[in-house]
Amino acid sequence: MRALNIAATGMLAQQLNVEVISNNIANLNTTAFKRQRAEFQDLLYQDQRPVGAQSSDNGNLVPVGVQVGSGVKAAAIYRITEQGTMLNTNNPLDMAIQGRGYFQVQMPDGTTAYTRAGSFQLSATGEIVTADGYIVDPGITLPNNTVAVTVNASGQVLAQIAGQTTPQTVGQFQLAAFPNEGGLEQLGGNLLKETPASGSPTTGNPGATGFGQLQQGFVETSNVNVVSEITNLITAQRAYEMNSKVISTVDSMSQTLTQMQ
Amino acid sequence: MNDASSVALSAQLAVLHQTDVIANNLANLSTTGFKAQHVAFTQYLSQTSDGTPISYVQEAGTARDPSEGPITQTSNPLDIAIRGDGYFTIQTPLGERFTRNGHFQLDADRQIVTSQGYPVLSDNGSPVVIPDGSGEITIGADGSVSTNQGSVSKIGIVSFPDQQAMTETAGGLYTTAQVPQPATDAKLMQGSIEGSNVEPIIEITRLLSAERNVDYAKTFINAEATQVSNAIDRLGKTV
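From first to last, the protein sequence lines stand for chains E and Y.
This note's numbering applies: residue 38 is where the first sequence begins, and numbers increase by one.
This note's numbering applies: residue 161 is where the second sequence begins, and numbers increase by one.
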């Protein structure tokens with residue numbers, strides 16, 4: 038009765054599917070959240086009668102063999118890095134990346150994390166930090182008496198200082214790009230970490246070849262599409278039910294077998 | 161056990177096996193590029209001691225349903241669905257394998273790889289490497305890969321004279337002794353993925369009929385057993 042175990046792998050897979058979908062829906066309003074998708078693959082097959090085996094001494098070949106699968110497993114949960122829509126906030130320290138690239142964030146342990154969530158704040162010393170207070174590389178400090186700050190598409194930060202007529206360049210945002218964005222590890226808090234699978238980052242100014250441009254006063258919203266998530270949820274629920282139907286049917290079949298005289 | 165019961169038993173064994181295949185189909189309802197399998201049965205002829213032919217049930221094979229699964233849009237630039245008859249060629253440590261599962265990604269060396277990390281081969285048999293610093297990747301219907309830096313390579317799509325003669329290994333990868341030929345009527349769709357072609361209604365119907373068939377065979381075997389024990393009773397009385 039392999040069918041019981043096979044159906045169990047099916048139920049586990051659909052459970053994971055629902056978990057991924059619910060995480061997407063939960064992060065509907067998370068800045069720069071990238072939706073995820075669970076990818077499944079079939080398990081090993083048992084060759085009970087191999088394809089192409091000889092069925093007679095005259096060399097007749099078996100046209101179709103008997104191959105029985107053993108269920109399903111999760112192959113990957115991957116992020117779909119499609120651009121989210123731009124939401125105008127008019128906050129001068131909200132920065133959205135239009136195109137490829139990540140902001141680099143200095144973590145308290147000295148490592149670098151990467152994020153596309155550009156809703157930044159100022160620290161007590163006037164430095165541009167993330168919502169968690171981590172410094173955004175390469176570290177941009179606004180002078181004390183700044184009245185207005187402008188960030189242009191190529192990431193230059195210009196501060197308008199009280200009493201001066203021309204804005205002054207105080208820093209330059211830099212972006213990092215990876216060969217395999219899907220290979221980045223998620224740390225939570227909108228932060229991602231470099232892994233051997235992601236490859237090492239190349240840094241560059243926004244707007245340079247291979248990097249997106251910055252848009253001041255905007256945030257990138259999540260790229261979750263509620264309609265498709267709900268549809269996927271319904272499909273996953275039905276698939277779960279069908280696998281559970283297999284289990285109950287196989288159970289009643291075994292009951293039948295025990296009633297044999 | 162007499163012949164009648166063993167014929168019914170062969171039916172039960174066949175149906176239990178069919179249930180395993182149905183369970184695998186339903187477990188793979190959400191598996192990208194999965195092809196449903198169906199069991200075909202055949203007769204196994206034998207003779208009783210007086211020469212009357214009797215036929216047992218035996219499995220002939222599990223045939224794959226080659227029909228195309230539903231195409232779902234994912235908007236992931238490296239999700240590629242094949243429309244029509246065709247397979248991607250994958251370089252695995254065990255040699256070339258073929259798949260219709262077009263969920264790919266870039267690895268750290270900028271090669272297009274499967275979710276197991278095996279490179280996808282181009283039409284001339286080499287891995288497809290995206291140059292550093294490229295922007296969006298565009299994949300044409302014929303498999304040609306290009307970026308903003310120009311044309312890169314062409315993903316190979318192959319087909320085989322007999323799809324049923326391919327053996328499935330795990331992970332949607334197929335192996336075969338046939339020589340792959342360039343596919344003539346396959347088109348790629350970027351940003352989409354081919355879902356599993358399992359039809360839940362058909363599978364559930366088959367499952368229910370399998371359940372009934374096991375039940376019928378049980379009833380038959382039980383009736384046969386009663387008959388035999390009655391016979392023994394009666395014959396015992398006449399002596």
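I should point out that these hints are in silico values taken from the structure, not numbers from a laboratory.
All of these numbers come straight from a predicted model, not from anything done at the bench.
Note that beta-carbon positions come from the ideal geometry of N, C-alpha and C, so glycine has one too.
You may find that some hints are simply not true.
[Stated by the list, open to error] So, partial list: chain Y residues that the calculated Cβ filter (under 8 Å) puts toward chain E: (1) Asp180; (2) Val217; (3) Gly221; (4) Thr234; (5) Ser282; (6) Gly295; (7) Thr327; (8) Thr344; (9) Lys347.
[Claimed, not checked] Covered stretches of chain E (chain Y as the covering partner; in silico rule of three or more C-beta atoms under 8 Å from a C-beta of chain Y): (10) 231–244; (11) 250–257; (12) 271–278.
Here's how the hints hold up against the structure:
no. : hint    : verdict
1   : Asp180  : holds, 5 Å
2   : Val217  : violated, 14 Å
3   : Gly221  : holds, 4 Å
4   : Thr234  : holds, 6 Å
5   : Ser282  : violated, 18 Å
6   : Gly295  : holds, 6 Å
7   : Thr327  : holds, 5 Å
8   : Thr344  : violated, 23 Å
9   : Lys347  : violated, 22 Å
10  : 231–244 : holds (count 6)
11  : 250–257 : violated (count 0)
12  : 271–278 : holds (count 4)
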